[in-house]
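Participant: So you can see what is in the structure, the chains are spelled out below.
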Amino acid sequence: MNSNLKREIIIENNSHPFHKETKGEEYIKINTRNESCIDNINLFLKIENNLIVDLYFDGEACAISTSVTSIMIKTLIGKTLDEALVISEEFEKMINEQEYNKNILGELNVYDEIYKQPNRKNCAILPFKGLKQIIKKSD
Amino acid sequence: MNRNDFPMLNKDLIYFDNAATTFKPQIVIDRINKYYINQSVNINRSDYDLSQELSTEIEKIRTQVKNFIHAEDSKEIIFTSGGTHSLNMVVFGFCASYLKPGDEVLTTETEHASLVLPFFELAETNQIKVNYIDLDKNNEVVLENVKKAITPKTKVIALAHITNVIGDVRPLQEIIEYAHLHNILVIIDGAQSISHLKVDVKQLDVDFYAFSGHKMMGPTGIGILYGKYNLLEQMKPLILGGGVSATFQKEGQYLLKNIPEKFEAGTQNLSGILGLGSAIEYLEKNRDEVYLQKLKKYALSKMKEISQIKIYNEYSKGPIIIFNVNNVFSQDTAIYLSKKKIAIRSGNHCAKLLNNLGLNNTCRLSLYFYNTKEEIDSLIKALNNENILEESL
Ligand SMILES: Cc1ncc(COP(=O)(O)O)c(C=O)c1O
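Those protein sequence lines, which keep their order, are chains A and B.
Residues 1 to 139, numbered by this note's numbering, are exactly what the first sequence covers, in order.
Residues 140 to 532, numbered by this note's numbering, are exactly what the second sequence covers, in order.
Keep in mind the hints are simulated off the structure, nothing from the lab.
Note that beta-carbon positions come from the ideal geometry of N, C-alpha and C, so glycine has one too.
Some residues of chain A that are not near chain B, with every Cβ distance over 10 Å (derived):
{"hint": "1", "residue": "Asn2"}
{"hint": "2", "residue": "Pro17"}
{"hint": "3", "residue": "Glu48"}
{"hint": "4", "residue": "Val86"}
Capping the alpha-carbon separation at 27 Å, the derived lysine-lysine pairs in BS3-like fashion look like this:
{"hint": "5", "chain 1": "A", "residue 1": "Lys121", "chain 2": "B", "residue 2": "Lys150"}
{"hint": "6", "chain 1": "B", "residue 1": "Lys173", "chain 2": "B", "residue 2": "Lys424"}
{"hint": "7", "chain 1": "A", "residue 1": "Lys23", "chain 2": "A", "residue 2": "Lys132"}
{"hint": "8", "chain 1": "B", "residue 1": "Lys441", "chain 2": "B", "residue 2": "Lys276"}
{"hint": "9", "chain 1": "B", "residue 1": "Lys480", "chain 2": "B", "residue 2": "Lys520"}
{"hint": "10", "chain 1": "B", "residue 1": "Lys480", "chain 2": "A", "residue 2": "Lys6"}
{"hint": "11", "chain 1": "B", "residue 1": "Lys479", "chain 2": "B", "residue 2": "Lys443"}
{"hint": "12", "chain 1": "B", "residue 1": "Lys512", "chain 2": "B", "residue 2": "Lys424"}
{"hint": "13", "chain 1": "B", "residue 1": "Lys375", "chain 2": "B", "residue 2": "Lys199"}
{"hint": "14", "chain 1": "B", "residue 1": "Lys337", "chain 2": "B", "residue 2": "Lys424"}
{"hint": "15", "chain 1": "B", "residue 1": "Lys337", "chain 2": "B", "residue 2": "Lys286"}
{"hint": "16", "chain 1": "A", "residue 1": "Lys121", "chain 2": "B", "residue 2": "Lys478"}
{"hint": "17", "chain 1": "B", "residue 1": "Lys479", "chain 2": "A", "residue 2": "Lys6"}
{"hint": "18", "chain 1": "A", "residue 1": "Lys116", "chain 2": "B", "residue 2": "Lys480"}
{"hint": "19", "chain 1": "B", "residue 1": "Lys478", "chain 2": "A", "residue 2": "Lys6"}
{"hint": "20", "chain 1": "B", "residue 1": "Lys478", "chain 2": "A", "residue 2": "Lys116"}
{"hint": "21", "chain 1": "A", "residue 1": "Lys116", "chain 2": "B", "residue 2": "Lys150"}
{"hint": "22", "chain 1": "B", "residue 1": "Lys480", "chain 2": "A", "residue 2": "Lys121"}
{"hint": "23", "chain 1": "B", "residue 1": "Lys479", "chain 2": "A", "residue 2": "Lys121"}
{"hint": "24", "chain 1": "B", "residue 1": "Lys287", "chain 2": "B", "residue 2": "Lys456"}
{"hint": "25", "chain 1": "B", "residue 1": "Lys375", "chain 2": "B", "residue 2": "Lys396"}
{"hint": "26", "chain 1": "A", "residue 1": "Lys116", "chain 2": "B", "residue 2": "Lys479"}
{"hint": "27", "chain 1": "B", "residue 1": "Lys199", "chain 2": "B", "residue 2": "Lys214"}
{"hint": "28", "chain 1": "B", "residue 1": "Lys433", "chain 2": "B", "residue 2": "Lys449"}
{"hint": "29", "chain 1": "A", "residue 1": "Lys20", "chain 2": "B", "residue 2": "Lys449"}
{"hint": "30", "chain 1": "A", "residue 1": "Lys132", "chain 2": "A", "residue 2": "Lys29"}
{"hint": "31", "chain 1": "B", "residue 1": "Lys441", "chain 2": "B", "residue 2": "Lys478"}
{"hint": "32", "chain 1": "B", "residue 1": "Lys443", "chain 2": "B", "residue 2": "Lys276"}
{"hint": "33", "chain 1": "B", "residue 1": "Lys456", "chain 2": "B", "residue 2": "Lys337"}
{"hint": "34", "chain 1": "B", "residue 1": "Lys286", "chain 2": "B", "residue 2": "Lys367"}
{"hint": "35", "chain 1": "A", "residue 1": "Lys93", "chain 2": "B", "residue 2": "Lys478"}
{"hint": "36", "chain 1": "A", "residue 1": "Lys116", "chain 2": "B", "residue 2": "Lys520"}
{"hint": "37", "chain 1": "B", "residue 1": "Lys205", "chain 2": "B", "residue 2": "Lys367"}
{"hint": "38", "chain 1": "B", "residue 1": "Lys512", "chain 2": "B", "residue 2": "Lys478"}
Sequences and hints are given; from them, build the entire structure.
Facilitator: Below, the structure is given as structure tokens:
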């Protein structure tokens, strides 16, 4: 994938994020604020039989955090919690320039050059940190 | 201000984050080095010449600070590790015993965490109440609103002299005068003002005034707490150790020394104090507020010509401009500017109560005496770009 296309996908997911909507009590909720000074994202998760049946977010964040959250949600709906955790791990490896499994990351591969911008790494990982927290909370 | 005095200005970077910290002139760096190369001993404990001379020099700087802020007595000057430390000393060392359950502290929603959080903690432990002064339409403090917020239970007003986000200069003279008529003490966070205003604590009649060295070209890790003599006498030290006690016995009794020694437990940041002395000397000789105000006006007028920029604090008097680029998150703008080698700050700038004012995420341009018109022009050129978001990625 060339850089322009990657950038377009990121911009599109930033300006028109997927499943950006505040949800109520029927969802498990966490906030990512304690991980970052600026980005402030809430995740809303619904699980049935270990399956992520629904995932939404709201809040304010930079273009990278916002778009990662959007694509993360698209990728994870319908996955089991274990699958979600594996994807999260592979994504973090990619961001941290370690060996990773490209095949399971799908559209998330558009972030495979973020490591070139160290000040963006945390923004990219933040939504997945939130995901891990919310999965823990669902236990 | 001579840019050649600042080694950091040789870098390929336009630095507009001066509210976070300022660059240091060579004389400050040299003074710190001189301590480590030629004077690296401790003070007050030894009889040899080098130690005696250094003790004298440190006390001279206490006097220099006293003169710098026009205090009455150099005993009213306490060396701390920074503004945050100074404010914590006042809140936990003084207010904790001065304020009784039900008493009220007045502050605003534009204060820094270093001022607000200690009071929040005190509100929990001592059952005091933190109340807020309404801000005017420009998010600034006016005396009328201070008067309205005062109740018979108000015992302390705690404010920044200049805030670190809005950059507004508070009308302290009239606030303090009014407060004292009602037996209310006033604690001032001078972190942002100390470089820019000629602070006269005696004329202001302020009760406590706190600031950091590093925001006025001094080293990090050194700050000052000024307090009125009689209030400092009532204040308790937060930490105890070498240098604070006159006597102690194994039964556990001890007698604290007088002020300021009782507040300066342990070995002090000696190189920091020496560097601060040089910073004050440099600042007093070289600060040019007229130049800085002109520069800010220039930046404002140029930024206002760019239609995609929204400015939030047009009317404030401090050297700070907060803004956003339409449809671009503040952090994305800051990262874009960083790619252009321009340093600004984005976010809420440690003043998280600003969320209530709809100002939680902004870009902050904070100017200092060494910034130039050419640097502003580079910023304007960078901001005059419709693809800021794309280019931030
Ligand atoms: C208004 C204000 N108060 C307090 C502080 C705290 O100063 P320091 O971090 O030097 O202790 C700052 C620094 O950011 C500030 O801007």
